[in-house]
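In case you want the letters, here they are:
Protein chains: 2
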Amino acid sequence: MFEIGEKASKIPDCIRFDSGGTNFHVDFIISECIKGFKTKKTLKLEFGLEDLRKEIAKKERKNGKNIDYKNVLITNGVMGGMYLVSSSILNRDDKIIANKACFEGYKWIADCCGAELKQVDLSDIQKIKSEINPQKTKLIYFTNPDNPTGKIYKEKEMREIADIAKDNNLLIISDEVFNEILYDNRKYISIYKFAPENTIIVNSFSKNYFMSGLRIGYLIAPQYIIEPLSRHLVAMTGAVNTFGQYCALCILRMKNKNLKQYKQYKNELEKRRNSCAQKCEEMGWEMQKIEAGYSAFPDIKMDGEKFMEKLLEHGVAVIPGKVFGKDNK
Amino acid sequence: MFEIGEKASKIPDCIRFDSGGTNFHVDFIISECIKGFKTKKTLKLEFGLEDLRKEIAKKERKNGKNIDYKNVLITNGVMGGMYLVSSSILNRDDKIIANKACFEGYKWIADCCGAELKQVDLSDIQKIKSEINPQKTKLIYFTNPDNPTGKIYKEKEMREIADIAKDNNLLIISDEVFNEILYDNRKYISIYKFAPENTIIVNSFSKNYFMSGLRIGYLIAPQYIIEPLSRHLVAMTGAVNTFGQYCALCILRMKNKNLKQYKQYKNELEKRRNSCAQKCEEMGWEMQKIEAGYSAFPDIKMDGEKFMEKLLEHGVAVIPGKVFGKDNK
Chain F
641 MFEIGEKASK IPDCIRFDSG GTNFHVDFII SECIKGFKTK KTLKLEFGLE
691 DLRKEIAKKE RKNGKNIDYK NVLITNGVMG GMYLVSSSIL NRDDKIIANK
741 ACFEGYKWIA DCCGAELKQV DLSDIQKIKS EINPQKTKLI YFTNPDNPTG
791 KIYKEKEMRE IADIAKDNNL LIISDEVFNE ILYDNRKYIS IYKFAPENTI
841 IVNSFSKNYF MSGLRIGYLI APQYIIEPLS RHLVAMTGAV NTFGQYCALC
891 ILRMKNKNLK QYKQYKNELE KRRNSCAQKC EEMGWEMQKI EAGYSAFPDI
941 KMDGEKFMEK LLEHGVAVIP GKVFGKDNK
Chain X
641 MFEIGEKASK IPDCIRFDSG GTNFHVDFII SECIKGFKTK KTLKLEFGLE
691 DLRKEIAKKE RKNGKNIDYK NVLITNGVMG GMYLVSSSIL NRDDKIIANK
741 ACFEGYKWIA DCCGAELKQV DLSDIQKIKS EINPQKTKLI YFTNPDNPTG
791 KIYKEKEMRE IADIAKDNNL LIISDEVFNE ILYDNRKYIS IYKFAPENTI
841 IVNSFSKNYF MSGLRIGYLI APQYIIEPLS RHLVAMTGAV NTFGQYCALC
891 ILRMKNKNLK QYKQYKNELE KRRNSCAQKC EEMGWEMQKI EAGYSAFPDI
941 KMDGEKFMEK LLEHGVAVIP GKVFGKDNK
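The listed protein sequences derive, respectively, from chains F and X. Start counting the first sequence at 641; every next residue gets the next number (the numbering used here). Start counting the second sequence at 641; every next residue gets the next number (the numbering used here).
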């Protein structure tokens with residue numbers, strides 16, 4: 641993925657579909673954040689700004705999660721949260737279950753922990769069960785809305801995965817970074833509902849609020865887990881950057897004021913989603929229309945890498961399916 | 641350390657000597673950073689802003705280090721750099737050597753890596769040698785200028801430590817966060833000079849530029865180490881926050897413009913250092929006058945914890961010596 645990004649960055653005006661960002665301007669957010677930040681006199685280390693944790697708890701309670709701000713830990717983005725939990729829990733040669741196609745970063749985390757990422761179709765309960773090693777399997781990385789397929793899991797599917805987690809004493813890390821970018825008036829339900837004691841939610845401001853360089857993520861976990869995780873976080877990076885935390889707080893507090901702008905961006909994304917699906921159909925490419933997020937994962941019926949190279953020559957950067965796991969075209 | 645900080649944060653107008661910060665206003669820096677940042681249209685993920693790496697390389701070359709920007713990796717503060725290197729190198733039960741009194745965070749990192757921190761007087765070469773376990777000892781955490789003693793190591797001492805590292809195939813992590821806060825017109829030399837192939841330098845903008853909430857650090861290492869470390873960094877936190885990187889770049893580029901302000905702050909620190917040393921003497925407390933940084937580490941000839949509790953009642957927060965290692969009073 642980095643190699644593609646590096647090539648793409650050297651092509652003037654390259655159209656970038658290789659990394660999960662948008663080309664949306666976020667000036668209106670940044671200038672408001674800055675207004676708030678100017679009044680601070682010194683830049684202090686904040687080990688998880690309490691006000692920010694409270695705003696996040698409020699937001700997540702609206703999504704039906706029975707939590708308090710003490711269940712919230714601010715992390716260095718979602719990767720920071722996932723690495724934190726994974727490296728705290730995993731021993732060498734442990735196994736993690738993830739979807740058949742999943743974000744490449746999951747594998748990087750697994751590699752760093754000396755663990756193995758087992759990619760399996762998470763809609764196929766029998767396949768998940770057959771992959772579980774009672775001694776070694778510790779975690780399920782569950783991405784909902786899914787990346788890159790843009791699928792939203794059904795309640796029945798989540799209930800079954802939740803049951804597997806409870807029966808096998810597994811922890812689910814529920815990556816919900818696209819849970820506010822939903823199309824066709826869909827509603828979002830977290831797997832937390834079906835296994836609150838076995839679920840750690842990770843989320844961030846990168847995708848839902850288009851602030852990917854901010855590196856502010858958070859995780860939601862039972863309170864007895866937050867304390868050791870926060871110690872580990874301090875050892876890993878000292879603290880999470882103060883400016884980003886104030887920005888995130890500002891975003892949540894000012895959300896209502898900016899609703900029109902966010903709505904416009906979401907409409908724009910939905911338009912892009914529709915035109916992308918239509919083009920894929922015209923090309924004879926099979927693709928489940930995405931229900932959330934901003935990816936597209938068509939079966940292009942040819943070699944993904946060659947196609948990628950070809951597109952790059954025309955100034956368009958995409959990533960081949962195998963980046964999401966070796967079984968993907 | 642956190643318990644003290646938590647107590648102190650609840651005391652109105654508490655005078656804080658417990659964490660390594662100043663009460664200096666950094667508005668003049670932040671507003672310049674913001675001016676630069678406003679012109680950015682989108683907030684992008686930057687995996688180590690190339691311009692920032694170049695400015696850092698330039699600065700470090702002035703300090704006599706023979707390096708290129710490709711030797712520089714931007715990290716999540718110094719803790720982020722030290723954890724990154726330590727967790728990449730250490731196996732369970734490995735040993736790290738650090739000074740008799742050292743920053744508590746070193747122990748947190750060691751704990752996270754399942755390694756043991758061996759604290760020994762780094763001015764005593766025989767003691768260092770006797771602590772080395774040829775199979776298990778992998779790292780030396782070398783803090784220069786030292787924290788909390790404020791000592792600057794002499795060339796002879798550094799040469800001896802460098803030789804030990806070379807002879808025993810150890811890596812030195814040289815923590816240089818106070819290397820621009822020097823008193824009595826002292827000059828700074830890095831241990832890198834005596835063991836360039838065995839040294840990884842870590843530094844940040846928190847202490848030298850009073851920007852402790854920015855979480856921008858960097859490490860300097862041989863190029864063949866940078867590549868795997870940068871992969872590990874991405875797995876750990878995705879990337880380092882963009883705003884902070886632009887701030888850091890701005891600080892280095894604007895340094896000349898702000899020299900007067902920095903000089904004033906340094907003079908203020910020197911004044912505080914002198915008055916602190918005088919007061920300690922008046923109290924009959926022994927203390928080596930600090931040569932750099934902004935700590936004070938007197939032998940108060942009484943129980944550190946009781947003294948701390950007493951001072952806290954009067955709205956002054958300090959930390960007892962044992963926080964820096966069990967052999968300190």
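Be aware that one or more of the hints could be misleading.
Intra- or inter-copy, both count: the list cannot distinguish identical chains.
What the hints assert, rightly or not - Mimicking EDC-like on lysine to aspartate or glutamate, the simulated pairs with C-alpha atoms at most 20 angstroms apart in a straight line are:
no.	residue 1	residue 2
1	K827	E795
2	K911	D803
3	K769	D733
Keep in mind that the hints were calculated from the coordinates and are not lab data. Here the structure is a predicted model, which means the values were calculated and not measured.
Comparing the hints with the structure gives:
no. : hint          : verdict
1   : K827 <-> E795 : within (11 angstroms within a copy, 66 angstroms between copies)
2   : K911 <-> D803 : neither (37 angstroms within a copy, 65 angstroms between copies)
3   : K769 <-> D733 : within (19 angstroms within a copy, 35 angstroms between copies)
When held up to the earlier numbered hints, the structure conflicts with hint 2 and nothing else.
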